[in-house]
Structures are given as C-alpha cells and as structure tokens.
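S.K.: Chains as they are written, first to last, in my numbering: chain A, 1 to 244; chain B, 1 to 244; chain C, 1 to 244; chain D, 1 to 244; chain E, 1 to 244; chain F, 1 to 244.
There may be inaccurate statements among the hints.
Since the list gives no way to pick out one identical chain from another, each pair is judged satisfied if it fits inside one copy or across any two copies.
[To be verified] With a straight-line cut-off of 30 Å between C-alpha atoms, the simulated BS3-like cross-links for lysine-lysine are: (1) K233 - K170; (2) K170 - K223; (3) K233 - K223.
In short, the hints are calculated from the structure, not lab data. Please read these numbers as outputs of a predicted model, since none were measured by experiment.
Number of protein chains: 6
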Amino acid sequence: MHIRIINPNTTASMTATIGEAAQRVAAPGTRISATQPEHGPVSIEGHFDEAVSAVGVAETVLAGEREGGIDAYVIACFGDPGLAAARELTRAPVIGIAEAAFHVATMIATRFSVVTTLARTGIIAEHLLQSYGFAHHCRRVRAAEVPVLDLERDPDAAVQRIVEECLRAKAEDGIGAIVLGCGGMAHMRAQISETVGLPVVEGVTAAVKLAEGLVGLGLQTSKHGDLDFPRPKPFIGRYAHLGT
Amino acid sequence: MHIRIINPNTTASMTATIGEAAQRVAAPGTRISATQPEHGPVSIEGHFDEAVSAVGVAETVLAGEREGGIDAYVIACFGDPGLAAARELTRAPVIGIAEAAFHVATMIATRFSVVTTLARTGIIAEHLLQSYGFAHHCRRVRAAEVPVLDLERDPDAAVQRIVEECLRAKAEDGIGAIVLGCGGMAHMRAQISETVGLPVVEGVTAAVKLAEGLVGLGLQTSKHGDLDFPRPKPFIGRYAHLGT
Amino acid sequence: MHIRIINPNTTASMTATIGEAAQRVAAPGTRISATQPEHGPVSIEGHFDEAVSAVGVAETVLAGEREGGIDAYVIACFGDPGLAAARELTRAPVIGIAEAAFHVATMIATRFSVVTTLARTGIIAEHLLQSYGFAHHCRRVRAAEVPVLDLERDPDAAVQRIVEECLRAKAEDGIGAIVLGCGGMAHMRAQISETVGLPVVEGVTAAVKLAEGLVGLGLQTSKHGDLDFPRPKPFIGRYAHLGT
Amino acid sequence: MHIRIINPNTTASMTATIGEAAQRVAAPGTRISATQPEHGPVSIEGHFDEAVSAVGVAETVLAGEREGGIDAYVIACFGDPGLAAARELTRAPVIGIAEAAFHVATMIATRFSVVTTLARTGIIAEHLLQSYGFAHHCRRVRAAEVPVLDLERDPDAAVQRIVEECLRAKAEDGIGAIVLGCGGMAHMRAQISETVGLPVVEGVTAAVKLAEGLVGLGLQTSKHGDLDFPRPKPFIGRYAHLGT
Amino acid sequence: MHIRIINPNTTASMTATIGEAAQRVAAPGTRISATQPEHGPVSIEGHFDEAVSAVGVAETVLAGEREGGIDAYVIACFGDPGLAAARELTRAPVIGIAEAAFHVATMIATRFSVVTTLARTGIIAEHLLQSYGFAHHCRRVRAAEVPVLDLERDPDAAVQRIVEECLRAKAEDGIGAIVLGCGGMAHMRAQISETVGLPVVEGVTAAVKLAEGLVGLGLQTSKHGDLDFPRPKPFIGRYAHLGT
Amino acid sequence: MHIRIINPNTTASMTATIGEAAQRVAAPGTRISATQPEHGPVSIEGHFDEAVSAVGVAETVLAGEREGGIDAYVIACFGDPGLAAARELTRAPVIGIAEAAFHVATMIATRFSVVTTLARTGIIAEHLLQSYGFAHHCRRVRAAEVPVLDLERDPDAAVQRIVEECLRAKAEDGIGAIVLGCGGMAHMRAQISETVGLPVVEGVTAAVKLAEGLVGLGLQTSKHGDLDFPRPKPFIGRYAHLGT
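Construct all of the structure, not just a fragment, from the sequences and the given hints.
M.R.: Below you can see the structure in the form of structure tokens.
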C-alpha cells in the first residue's frame, strides 16, 4: 500500500518532517512518500495562502496519478486545502488532516479543543468544524501564536508555547482531548501529550491510519455525483496542462 | 493487535458471520475475536432491545478487560448501544459501527443515504446522525423492511430487498454512497456494492479499520472527564458484580 | 390518577425523598407511588451507571404494567435513562425529569442554566439539551461538584454548594431561571429558589405535573412507529423473562 | 385556580368554542374563563393579522391583571402572537398553544407533523418550530387549505379536509402523532384522532394542562431579565393608556 | 427613488436624527422621508414595546401606500418590529435595520459582535440572529446599558459607554467588526468607528443602501406565498379601518 | 465609484455578457469594468475548476489593486470561489454572487429555491447555504442540467430548461422567489422572472447593488483578524510574484 502525503506548502524541510511522522505510524506494509507542490507559499497562514496551495495540492495529486500506484492521498495542512478538488481527480481516497483529526478525536473523547498556530487561522478550523459537523464536539479553537515556520526555526520554544496553551485548554475547557491544528506539529505529538497529560490527536498521523483503513476496506472516492472526475474542458494560460 | 468484536445481540450465528466479515478486512497482524453477551435479546430492533443490549455490551467489555490483551473493542450493532458506557470501562478505544460507517462515508462521498432493516429502527440512526453531527451529510434514512434475523434466515431475499432500496436511493437521493444500517449486513457489502454500482460502507468492517488505526496511533479513550472509569459504588441485586 | 415515579437508582431512601417531593405537588386526585429497580447502581453518575439503570427502569415499567392501573410513569434521574425504551413498553405516557425540567423552564424564562451534581455528568445534560432541541435556551451547564449520595449524607452542605453555583449562574449567565440537574435535589427546590432569588425548576416535580396534564388530555404514547410495543422475540440468560 | 384563555382573534363564537374545549379538559378545581380582544381581526391568517392581534393579547392580559385573581394565561392562536410581550405584563405563567402542542407532542411521539389551516400560515409554524427548538421533531407542516372561519361555518367539511390531510401525513411522513395547527380546531381533536387512528395533539387543551401544571408547581414568569415588567415610559396616541 | 424610513417609536426627535443619518448615506437620486407611528411607545426596550410598535409600523406602511410613490420602507428599530407584517402590506421592499446590519457585517468581516443598549433587549437580537441564520457569525451580543432615550438626552455619555463596550468586544471577542444594536445610534457610527478602530456597521444606514439596491434591481416583495397581501376580513374596534 | 466584476472563468464572451448585465443595474455614477483571469478553466462546473479559478480571482484582485481606483470587487461565479482569499488582498469590499443572491432573496421572500446549471455543482450551493447560514431559508437546490457554456451556445434552449425547472420549483417547493445559480444567467433574469411569474434573484446584479451600498456606506473589508492582508512570505515557482 502506497500513501502519498502532500504537504501543501513548499517548504521541503517541513515535508520531510511530516513524512517522517507519517512513516512512524504507518503499518509494516505501508509505503509512505511525502511531497509538496512545485509552486506555492512556503507556509499557509490564511485564506490567500490556502487558495494558492489548493491548486498545488490538486496538481500534486495529478502528478501522483500519472506516476501511478498510489492508493491514497493525505493533504497535510490543517485547513484541508483543495480537498474536494483533489477528490475529483482520483479514485483513490483523499483525506485532509483536519477532518482526520476531528474524526479520531470524537472516538476517544466527548469534547476536545483545537490548539493551532495563529489566531487568524483559527477561523479556518472553525469553518471546517461547522462544515464537517463537528462544531458541537469542539469546545474552543485556541492559538499558541506561533507562526508556522517557527515550528521549524525554534521547535523548543514552539513546543513550550503549544504546551502552555494545551494546559490552559485542559484547565478551562472541560475537554478530554486536544487536537493539534497544524501539520507542522506532527512530530511533536508524543512530547506534547506526555507533558500535558491528555490524549493529543494530530492530523497527519491520524490521516495515515484512516487512509490505511479506507484502502484496506477497498473503498474509493465515489465517482457518482459531485466527486466524479472533472468535466472535460480547456484551461487557459499557465493552467493549459490541466485542461482536456 | 487484538480487536474484540462485540455483537450486542445474543445470536451466536450472527456473531460468527460478523466475526468473519471483520476478519476478512483485518490487517495481517490483527487478531479478531468475536463474542456476544451472555444475556440479552436475540436481535435488536428497537429502543428496548437496545437498552438491554447496552448492559450486555458493557459486561462483555468488562469480561474482555479481565481477560486482558485486548487493544480495541467494536460494538457491532448500528445503534451503537452502550458506546459511552463501554468507553468508561476500558482504556482501549471503543468504536460503534454506526459512527464508524458515518465517519468513513463522509471521506468518500459528499452525501450518503442509510439503508437499514426496519423503519422503526431508522429513528435510532436519525438520532445518532444528529448527535454525532452527520445529519447534513445524510440525505435519507431508508428501510428495506427486513427483520434482523431474516438476514440469516433468508439471505438471498434479504439482499434482494436491500439492493432494491439501495437502487431507489441511488436514483432519488442525489448521493455518492450508501451506508448499510445493520451489523448483520456485514458480509453482504461487496455483493450489494457491485450490484448497486455505488460505494457501500458497512460499519463492522469500517470499525475494524478505524480500531486498527487508533491502536496504531497509540491513542486510547480519554480518562480525563466523562469517559473516566466509573466512580466506585455498590450495585444491587443481579448487578452486584458490577459494583465496587 | 396513578403516577408511578421510578427512581432509576437503587437507593431506597432517595426514592422516598423523591416520592415525597412528587406527592407535595400532586393534584388532590393524583396517587403517587415511588419505586426503584431491584437491580442496579446506588447512584447514577456517569454513562455506565446510566446504561445499567436503563434496564432497571424498563423492568420497573414492566412490573407496573403487570400490576396495572398506572396512568403515567416518571423517570426520576436527570439523564432520562431508558426513556425511549420505557415508552415502548406501555401505552401510558412516560416522562423523563430532564425533559420535563427543560420544557417547563422555557415556559417561564427565555434563557436558563443547569446546575447539576458533578462535571462528569454535565455532558449527559448537554447531550439531552441537543437531542431534545433546547440547547439554545440553555446558557450553561454547571456542576456544584456534589456527589449524588452526598445530597442525602450532608444535605446542608449540598444545598450550600448548589446555592453558591446558582448564584454564580445568576450573576454571570444572563438567565431568568435555574434548572436543577438531579432528581435527588427535588426536595431542595423551594429553599434554593428562595435563597437564590430566581425561579428554580426541578424535574421530578415538573414531570409530575406534565404527567397529570397528559393523562388529563387522554393522550398516550403513540404506538404508531418507533414507540410501538417491542417486536416479539426471545431474550437469553438472565433476561429470558423479558422475551416473548 | 383560574386560567384565562385569550382567543387572539375577535370572533366571539370561536372564543366560546375554544373556552368549552378548554373547560372539557380542565381539572375539577380549575376555573376557565375565555375572552378575546376588543380590537383586532376576526381571524388570524398571516403576519399582519398576527401583529395586530398581539396588541390585543397584551391588552387582554393587562385587563386580566386589573381584574385580578388570574393564575395563568393561555394564548389560543397557533402563532403564539404576543407571547413574549404578554409574559412581561404579569407574574402569572403565559403559555402559547403552539408551544404547548409541540411540548406535548414530543412526549408521546418521536416525530410529528403539523396540520394547519392555510399554507400561508404554515410558515409561522415553521418559524416557531425553529425558534423553540422543535424543528427536528417535526417531519412536515401541512395545510388542509381551510380558512380559519370555515372551521365554524362548515365544520363537517372542515373536519373532512383536515382528516384527509392527517391521513396523508400518517401514510407519508413516518410520524407517531399529529399536531393540529389552529386554535379553532380545539373541539375537533377527539373526532379527528379517532378517525385518523393516531394520537392528535391540540394546543388549547395542551396549554390548559401545562398551565395547571405550572401553577401547581408555584412557578411564575421570571422577572429576572427580558421578561421583567416593561420599563416605565409614555405611550402616545391611542395607546396612551399603556404608558406609565 | 423614495425611501420611507419608519422610526417605530414615537419620539419625533429621534425620527429626525435617524432621518438625517439616512439622508447622509443616500444616493444623489434618493429621497429620504422619515416618519413615525402616531400611536405607540416613546422608545422600544422590550417585547411589549415592540409588539405595540409593530402595529404602528404596519399602519405607517399603509399610510405610505395611500400616499403613494414610495419605493421601499426601512424599519428603523433593531428588533425589526412588524417586519413580516409590513411586507404583506406593500409590493415595495421592506427592510429591517437588524437584518440589514447583519447582512452587511458578514460581507466585511468573518465574525462580529453586537453592541446594543440594554441587556434585556439583547435577547431580541439573539432571537433575530438565530431566526435569520446569522448566529454563528456573531460572537457575542453585548449591552452598553444605555437606555434608548439617553442616546438623545446625553449623547456624549452614551457614546462613551458604547465605545467602552466596543473596545471590550474588540479586545475579547476575536471579531472583525461591530454591529450597533439600536436605530438611535445611527448618527454615532463614524465617531464610534474611528475611536474604536474597527469597522462599525449600523442598521439604518445599511438598510438605506440595501433598499436602494433592491429598488435598483427592480425587485419587490414576493406576493407568492406568505408575504401576499392580507386575506380580506373585518377588523373590530379601534382597528376597524384595517379591515376590508 | 468603480466596481470591478471578476468573471472567475476565462471565457471572455461570458465576461462581456456578465459585464453588460452588471452595467444595466448600476447606478448612474457607477463605473463597471468586467474582467477575467488570464489563467484558468473556461467554465466552472465542479470543485477542481473552482479551486483553480480561486487563484485566478485572487490574482485579478491583485491586478486591480496595482491598477488602483477600484472601490469594490464582485466575484461572478455562484460558488464564490476565492472569496475569503480575495478579501485578504484589498481594503475594498469583495462580494460573491452566491452570497449576494442569498442576502437579497431573504429580503423579498421567506423561502426560496435555487435553480443552478448542473446537479454536480448543486452541492457547492448547498455548502455555501450552510456556511453562510441561509440553509433554512432555501427549500431546495435544483439543477436545470444545462452545462455552463451552453448558456451561451444555445441560450434559447437554456432559458427554456431553466424556466421549466423554475416552474417546477414554483409548483412544488412552497417558495416566494427563485435564485438563479450561475453567473452566466445574469442577462436572463428579467425574461425568466416574467415567464415564471415569481421574483427571480440573480447574483451578479445583486452583488453590484450590494457593492454600491457598501461603498456608499464607506465600509471596507475589516483588516482586524482573519481578513487582514496576508502575512508576508515567499512564494515558490510560478507563484513567486505573489510572495513578498
């Protein structure tokens, strides 16, 4: 089984970190390959970054389809950018890390809080919680106020701030679990969970296991309805290669 | 990894069928053991059956805990009877097949319909959809009007009626996938999916893979909050053994 | 008119207290009889306690039906354990004290808060508020952190802590009424209301009056649909007597 | 105990009919008095009729307060016109017949449909269902297309059309009970229920019993918050008597 | 284009202020005329005031229709009193200032808070937010605790308290904009916005521009369904002139 | 006042048609300029098309900002692609035509249905209705099964099919208005409305008037919170020009 992890931003070092975190939880028979778009922002911290990254995600899926042999895709940014678009492009299951984390969190706790990087991206998590139907399971979306790339630049400081916010959530929110709200926190999960003393759910690792599950079930993205392959049509300009 | 499948009704032949369906999707390293309560109804087709079965589920989890070595539990009845109670009794993840099917269905289709056994149990699915947050993903809860044990007594007739209802759902509901609404349909999934021409999600098999995923992540039921072990207290009468 | 109050836990002294509180508000022509399951936990403080008590509730209803002459049942635990199951077993109306309190509270105030015993049982009230449709009428579910049996062991201390929590709710929540979240608080209502200076709704007393109302209207539990009598079937083991 | 039934329209014959229906279900010790505004529309079949009637309701409550000795008020039009306003004007409980019917219906059936007079007033019922929180308990709001005063002019034809619509609801909606959506149907309930073969809930009768219940509990409209007596101020023109 | 601003209370000085604020934002070709009911409360600070004012609003619309040449109506009280009723009485669009403010706020910010006059009227804003569908866009409804007429009596003190509450909202609520919750604040918008440093949306001015827009589109209130002209019928007593 | 209409697809003839429709409703002082991305799909009929077009929308806004003098932007595709992203890039208000149509429809009718091009894009409208909060105002999302470019290729046939679907909506849905679900239908509104006999709301024209309104109010996109300008960062590859 081959799961392709797509880091929607273009920071290769983060792709590597995410890929390693994914590999660490993968089943023995699972091959993990992590990649990133050729084009796009170095981090995703708002609606605009996310919109651009969505095309990168889609193109990365198309590249995977040309390459062949990929059984499932994981979109490793907590806004799940390009999720529905990506699902149109392949029969393989495509899973976003935000949805993965929410699904998993509801199976181990009755209420959870999200701890994300920046307050301004918290709204994206709120939108997803509402859209997916998990809003009433989530007590609060909190921000550690750590810019995404600081997760790499100064990981110790980042972990400390995230832990502090998690501890506030534990004390104030009446929750049973924490959801980490950024793909770049994938490798910090164990450390944070241990320090905070609560189950901590992280989306990259959650999505890998959900992807293994879907593939194991032989389930593929439905091609009946809105997730069918895109209707054939020309694309203009720099996207001409995306048309048919 | 050892996953204990609990068939909440007391029909051993159905337990066997469910266990086989579970085994068929389990990963190589996963041991499946299927069991059922010693006490309870032979099928679950309403609120009262469900209430009694919930205690059976809880006791079966307690038996599993005494036995030891169980990594996750699956509650294999589409009403998820006793789910929250069972979660209090163990650190192992506990997954209901209704929630499992709903989680999985939303990852491969934007909208689904449920096809269950009897109209009178459809309300239980509706309650769960609302409570879990999946109501807006589900177009309709439909009933094939097949009593649960008829799934075993006359499986060919049962499959035919279920397929007919699935085809109506496909034609009328604007959906991308079907969710089968009874644990006793676990072994019929492939056949129904092929005949209907839509992805068909079934809860027992879905739950096995989600359970493998949670165990693979090292995640356990949160003991912080309402899923903590029950507060110690005496139980009276026939439940004296449940007290402390 | 004969209303049977079912205390779902097995603590006889609490049954007596609840029965007296019920009697105090009953109409002249109403006979109140209070009882409790023969089997089950001495208090209900979580999902597991509740699941076991639900069977006790159902069996107590069946006993009432054999006895005959009962016009309505009240389930006197704030989680409304076994409510839907009990409704299947009788034509008489069955009312849970949580639903009763919520219904009544919305008729005298635009917003209310719940003050319950323990934080871990607050989640059960939250689930009911959502399921019944009252979530937006309730500002907050609060816990006085008084274990259920301490309501009897040290009632003065219990009242004091409950009053303190009610006063916090009055000051902070922007509410017009308090709902007491435990059947064991039935006899404390007047005292709490007077001290707090807000209308206080309590479920046992509320349910008695709603039951009188339904009986007075000649309305019975619908036997059309999911509340119809259970489908006949064998039950196994210790529940053999529940089968047909 | 004295319950004042307010028929919000100005048709005295309908007031009498409603009053009789109310009296028929009242407890022995309950005195029913039915009245109507001096000013307003002869029937309420839309938003404008309702707005005017709301003032009539409020003035009728004020008249009741001057009269004294009234323990509860019932607003006997299915749009609950002036309900919140009326609650500001008295300490006595005030109950609308739509809310009463919805509360009661949820206690005897898991799902119900509303059968009202005209399609154009169905939207008012929809708004109330959403505002009160009962939307998910109601399958459908249906109209028999009988103008309100035709309930009096040709009751046999009216009953027949209502019964036909109820039978359609029974056959198509998957419900356990019917809610009649007009105060003018109060006296038809028994006949309709018998013919249709479903529990039928009617708001006037339901509200009388809820009012008896609230009074029996000693509960009054909260004067803490938005239902407190109106802030004192002048009213101009024809409403000068309403000012202070 | 002629837009009629209806101040639902009977304080002429407030009508003038509102009219001036409306005029200030009106397009060159737009004629603004502001008026008020002949009958009703001098301010609207609760459900009762609102109910009475709704009839005044309706009559003012009827007067406008007799007068002729009015292209749109604005109801300039934040509870949108009589909105649906008014829509029945004319083909011209009718816009409430609360809905107007909510619509506009969602177009410039992802989340907003409301700052209204008194806590007891905040509930009216909550009801509208829920009914219109904007509840999840609004973080919090706050009150400056300024009675409506104090906006005129001591405007400087009023502005100061409103600004203070807005600053609290800005600091605590995670919002992008403020909605002012009273028509009497129409002329204070610019000053408050500048001081607070956030976009401030005010309903009177918002409604004028929405009204211009609807008229510019040639859209009128639908007469298909519940907003059709009232069914003809007699009105009794002081409302005889409203009947047909 | 200068309003820039962005047709998110790259079909210039459709841009022209949309621009003309916009111009026809613009106020005398309003300058309309219509444009389209240089890069992207020729029509938008699914999630993938939409994701690519979102970047085109964002770049077109950036071009507008470089150009200067633009007071508001309208995104003229019914999925509102790139709406939040675009709002980050400018202080000018940005309005999507789906939100515009929903806002306007709720001001002239209590319930509406959407008639869009293809069933597979209907889900996008459903998502927006839920996310914006308008789901309960919309009875049904219907599809005329007309591909987007057929609106230009064979407009008469297209209008006929759209009218047929609108008439079905009028007959079956209990609505007061129709919302047209595609920017390419902008010029057909008057004809469809006249034939169908219902108010028909179309998003491009609606958005122009809302944009004029926001500009007239002096309101701009909030730069406090998630709609603030993007955090500065490098973009890689073909998007390098988007970085800072």
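S.K.: It remains to establish, for every hint, whether it holds in the given structure.
M.R.: Evaluation of the provided hints:
1. K233 - K170: Cα proximity of K233 and K170: across copies only (27 Å, versus 51 Å in one copy).
2. K170 - K223: Between copies, since 12 Å is at most 30 Å while 42 Å is not.
3. K233 - K223: Within. Shortest intra-copy distance 18 Å satisfies the 30 Å Cα cut-off; inter-copy 37 Å does not.
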